[in-house]
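> If you want the building blocks of each chain, they are given just below.
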Amino acid sequence: MTPSGAEFIRQIKSQITEVDPSEVAEVIGNGVAIIDVRETDEVAQGKIPGAKHVSRAYLEQRIEGAAPDRSQRVILYCAAGNRSALAAKTLEDLGYEDVSSMTGGFTLWKDRGYEWEKPFQFTPDQRERYSRHFLLPEVGEEGQRKLLQSKVLLLGAGGLGSPIALYLAAAGVGTLGIVDDDVVDVSNLQRQVAHATDRVGVAKVESAMQAIHDINPGVEVKPYQTRLDASNIMEIISGYDVIVDGVDNFPTRYLLNDATVRLDIPVVSASILGFDGQLSVFKPHDGPCYRCLYPVPPPAELAPSCGANGVLGVLPGTMGLLQATEVIKLVIGAGEPLIGRLLLYEALGATFTELKVRRDPECPVCSVDPSTIADEDMGVFPDYEAFCAAAG
Amino acid sequence: MSVTVKLPTQLRDAAAGNAAVSVEGTTVGEALEALFAEHGELRERLFQDGELRRFVNVFVAGEDVRYLDGLETAVPAGGELTILPAVAGG
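For the protein sequence lines, the chains are A and B, in the order given.
Under our numbering, the very last position in the first sequence is 393; numbers go up by exactly one each time.
Under our numbering, the very last position in the second sequence is 92; numbers go up by exactly one each time.
Hint data in this document are derived by calculation from the structure and do not stem from the laboratory.
None of these values were measured; they are calculated from a predicted model.
Among these hints, one or two may not hold up.
Stated by the list, open to error - Just so you have them, the derived chain A footprint on chain B, three or more residues with Cβ under 8 Å:
no.	region
1	10–17
2	63–74
Unchecked claim - Pulled a few chain B residues facing chain A out of the computed Cβ check, cut under 8 Å:
no.	residue
3	Asn-20
4	Gly-42
5	Pro-87
6	Gly-91
As the list claims (entries may be wrong) - Where chain B lies over chain A, by a calculated footprint (3+ residues, C-beta under 8 Å):
no.	region
7	55–63
8	244–250
All C-beta atoms in this analysis are idealised placements derived from N, C-alpha and C, irrespective of residue type, glycine included.
Assemble the whole structure, with the sequences as input and the hints as a guide.
Right, dumping it as structure tokens:
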């Protein structure tokens, strides 16, 4: 005789392990994967903090994204403890070694007064727009939420800044600040793809804002039509999660380094010349800073600019998108960011070279207590005046 | 022993336009001296008072020679020496 549905669930429950909410409350955060197997609209009403959502309908297909290690302890919950019992059986069949189902589900959890949270709500448009991100376990809903709540500042809306702005906007970075005091020139359009022929003469920050909103109107753009200097840097960069350095001069790069070390903001840095590009991530105190790598800038005659020496139009695209990738990794906390490493790209030879960058224990900026970095010392380096004068 | 020295864009005009130069040498110092013997203009660009200028970084097998043995750092036969200057273009 075939069993009733209720009897079937009862039989399954006798074959799996069940845990009380009190035990779950104790083990949260201790390397246990807590999985919410309810439907999306149920999870939207509230969930256990830190729980990952894999609805039972997609369990077999998506569990490996949420709990890749089959020996890890996994606790499943649903609304009342029935669906999670069935899901626990499925995971055992899939080879998970330590699976249990929480009795009473989220209803009992809430009734007992344990902590819960209302998860970030995606709009239907966001669900559709970012659906390819949701499918990646490394991004998923959690990563997309982080992107939507992130604030990224782009220094320069030029060769590097243009592709970065477009792709970070497309990826759903919530707030994009853009600092640039320049206007679009026709000679920019060989590489600065955020601008357009009919926007020649328009401020680059305005032009970039239009391009960003064309691709994703949900992004908040903060335009700063100014040149970053010692008088405005702290005010402009405070509050940003990541800063993307694509500026075209040394004084600003040093100033930015010193200010970001003081404020503890990571910088994704790239520079380009001719057919060559450099890329690194300077995360204060986790790795070296810009000054550890380049304690002093080269003299002006050895520091040619793209304006004077030319640059392959595609190169800032290549380097800018590597920067955008590092930004996303930092925001969502995925992968191995390029901290303490420098990537050298040579377009003509089609080679990438990875170089190690070490933290200088005697670095004048990142080896000292950040709060002791004085305003008047930021961005200052030996022969600063002479350098700027020579650079003209 | 032959060593390849990779030159960045801004130094190539002083090296007859070459992006890489093959020289003889068993240490960074020897390899650079051999490079200067061929392309004399590079000496002043890279050296000051017999030392590497502070804005010039030289890497052997991905490691900054300042954290190895400086100009005395050994370069294996067929090894690669990368000269990395600061660049500000954006």
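> Hints first: check each against the structure and report whether it holds.
Hints and how they fare:
no.	hint	verdict
1	10–17	holds (count 3)
2	63–74	holds (count 4)
3	Asn-20	12 Å, violated
4	Gly-42	16 Å, violated
5	Pro-87	6 Å, holds
6	Gly-91	4 Å, holds
7	55–63	violated (count 0)
8	244–250	holds (count 5)
The structure shown violates the earlier hints numbered 3, 4, 7.
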